[in-house]
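> One-letter residues, chain by chain:
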Amino acid sequence: MELSNETLGILGFVGLLVLVVIGVRIYIAAAIVGLIGLIGMIGWDAGAGIVGTIPHSKSASYTLSVLPMFILIGYLAFHAGITDAVFDAARKWFGWMPGGLAVASVFATAGFAAVSGASTATAAVFSRVAIPEMLKSGYHPKLAAGVVAAGGTLATLIPPSAILVIYAIIVEESVGQLLLAGFIPGIVSALVYAGIIVVWSIIDPTIGRPIRGYTWGERVKSVPGTFPVLAVIVIIFSAVYYGWATPTEAGALGAFVVFVLALAKGMRWDNLKDALLETAKLTVMIFTLIWGVLIFVRFLGFTGVPAEFTEWITSLDYPPVVIMIFILLGYAILGMFMDAIGMMLLTLPVVYPAVIALGYDPIWFGIVVVKMAEVCLVTPPIGLNCFVVNAVRPDIPLTQVFRGVGPFVVADFITVGLFLAFPWIITWLPQQVLG
Amino acid sequence: MAHALGNRPTRQSAREGFIGWLDYVVWQIERAFTLLSSLFIFGLMMIGVVQVFGRKLFDAPIFGYIDMVELAMTTFAFLAISYTERLGGHVRMELLVGKLKGRVQWAAEFASVIVALFVVAILIYYGWTHTVRAYEFGDSTIDAEYPMWPSKLVVPIAFSLLWIRLLVMAYGYARLFADPERTPIGVPVVGNVAEQAKAEAAEALGADAREGGR
Amino acid sequence: QTVEGPKVSWKLSTWGNPRAFTKGIEHIAEVVKERTGGNFTIEIFYGEALSKARENLDGIKLGAFDAAQLCNFYHPGKNPAWMIFTMPFLPIGDWDVREKVTRAMYKHPAFIADMDGWNAMPYMSALLPQYEFLGRGEPPLKLSDWNGKRVRAGGGLGLAMEVLGATRTTVPATEVYTSMERGTVDAASFPYTYAHAAYKIPEVADWFTNNMSPGTSECGTVFSKTSYGKLPEQYKALLEDVLDEAYDVQVQAYIDIDKKNLPDFKAKLQEILYTPEQLAEFQKVAGTPVWDQWVAENQEKFDARGLLNDLLAEIEKAQKGS
Ligand code: NA
Ligand code: NA
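Top line first, the protein sequences correspond to chains A, B and C.
Each residue of the first sequence is one higher than the one before, counting from 358 in my numbering.
Each residue of the second sequence is one higher than the one before, counting from 583 in my numbering.
Each residue of the third sequence is one higher than the one before, counting from 807 in my numbering.
Bound conformation, chain A alone (with noise of 0.2 Å):
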């Protein structure tokens, strides 16, 4: 029987579904699809042979190589006190508003998604540094969970950030200008949690109330703590602004200010040495599902399909908008079941073509793509930033720090209707800079 090259492809990616939803690593799965896809179409030698030649080909390339910097800079910002110090200076800035110390939370985690790219370990920290003190002051255990959970997912959006660096990558656009991209939203996302926890204590005073007290030179003495958070922003932001360094250099930098804080704060060999390892172990992991995913991507293209879909999603008679929104709502379903790296790799090679021929800026669909896949860490079933709250905090049950996140996500997709009303939120300041 003689398959056509659509066909095969179809039948790649539910092999792969198979195999992906009984547990297999996602790297092997999308391994020995495309392997054996490959072999079925062009033979053993030529199939096999290619497939030998995508790990080394995708991963040995200097672009990537700003990964291991972003994530060192994550791992070591806990050894340098920059959580307790952020937190500080944020409670002390905001504790006035209606629910406070929540919005505090949410600059906080804000300052410190600028030097951390990990949603999950920005959300573990501060419900060790924020939960116990909105606890102490009478807030209801469900926003206290819920603003941490949130708060996290915005260490993808602003830089530095692995996933946007992962994006820019697989699509061929400047790392630069998606790291770039990310500051606003970021911001904006930051601005409307605050919002919304503003108004839900408004509404529900007993939620959360003001912490007020706070000297202006108390306040004042709180800034000079947030300094290495600012270094690193300076850095990565002026290095791929003025373009004075890459963004692997601006991540070297960042990271190496940094060691040097967290060296000043007596980091031990162990903890360095612990701060290495992990380094190195998210590294190899996100290393592996590139190549793992992109052997699978390499048995679509010699199967014709992402050229196929993009034909067949521009012949279709909808405002590219109504087509957009249904591409988000895939992407809100997909993001229940996976991770976001993961998702992104399998899904773009066939999703953005068709997505640029409908007309979309490219560094704009990335945000919102890596918004979508955010959102998605704190909804059921396996939001994993929940669960990560209800570890470190046990005594706060499951359900309620997913009650606690609901209006997060209400502000979540309230954000995504600003970027989809407004994709200036998005581009405007990557434009600025680099035309």
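The hints are simulated quantities; they were obtained by calculation from the structure and are not laboratory data.
Keep in mind it's a predicted model, so treat the numbers as computed, not measured.
Take every hint as true, because none was put in to throw you off.
Simulated crosslink set (EDC-like; lysine to aspartate or glutamate; CA at most 16 Å straight-line):
| hint | chain 1 | residue 1 | chain 2 | residue 2 |
| --- | --- | --- | --- | --- |
| 1 | C | K906 | C | E1051 |
| 2 | C | K955 | B | D641 |
| 3 | C | K1072 | C | D1012 |
| 4 | C | K858 | A | E529 |
| 5 | C | K1107 | B | E727 |
| 6 | B | K683 | B | E763 |
| 7 | C | K1107 | B | E718 |
With chain A held as given, fit chains B and C with the ligands onto it using these hints.
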């Protein structure tokens, strides 16, 4: 996402029969590979700093910096792959497998590992021929024209260690399949989402919060 | 339909989108399909769908596809002889000369030998245009003005610029715009005018060189020897027949782009034209020494001296002919 729970190989687990010993021996090599990979990451940070300052202050960038980084990337892209596999750190969907119990669970895990053994074996062989091609017919980086084959060689080496690890895991799962009452040794213990989240939180919070030492 | 024959479908691997660079091979695919009544098709896979650009030769050797495009500078080690086209200040700026010389070199034993190891055979050059510089700040009106400039230039071209006292930097093409705007790169060399415009460099530059011809790269299409060997004779002949017009189409594509870009360049930027004496001096100071150095470094791999002499002879022949 799947992450490590607290069942790293230890000196103590090394005494638990042949599987424990094997697990521990491979683990030592994995740790060495991962430390090497960590050193390269640390080096990447340092060379980046030197490059920026060299260029800005002395107008003397390191020649072939990009080429060097590209060549070195296989160390941190591959060397820790087996270590991470042992810790159950590679991404997978736990929705179903996390719910399985007993013999069914070990059978599923065993099947998964067999598939992986097949794929990785092919990747080793064809990664090796890819290296040989680069050596025999010449392949080089773009600017500094450094030879490419040493970088390509790292891939089959790292995969070979991964293959050995998968073999140990296959043995470990087969042993548990035979008698689900045994304590899991030589395989990562991966629980449901909540348990993973716990592990993930422990990781983010540093070594002091991690359960089970080394 | 003029050529009868069996059904053959080829895959060709390339990178990027359809553009001037791919016009020649697109034309070939089109004509071949038409003349064989759809029996012989060459499907072009863009965007590295089949292979990373740098691994195209590996794909050919493995038999994953039948044809591929490549650029010599992606992997100098894979095609040492092909690197001769990066030699600075070769007098091949004229399209006619460039085409004749390149077509002759595609039949040169050293060029064929480079591809042999990869089970590939050279077919058609993409005739990448000569490089020129676009820059910001002080225009380099004379040789000595290049001293101290930070330039983005690779291969033999980079070496030549170093001889002139410039500092080489290796900025990825996508980052050149920013680097020049922010002053970390003073001048960047790209295939002219084609790639300059693609990377929007004129927006941030002040001047451009128009006849410096400091070097070029050789990119082109190669076939798998196995796939080619299996073709019936009439298809092989057809591929040979369409070459002339495909080269015409290819050159015209660049000329059209120049027609569009050059007025913009001239309106916005200061044009720098060197005198024949200055060009001769460039060649003497930064050309010949780099050629000699390249010969010395490569002589043990193949007869680099012989190749250089053959190339210069072809250039002379072509110049006389045009
Ligand atoms: Na971040
Ligand atoms: Na979810």
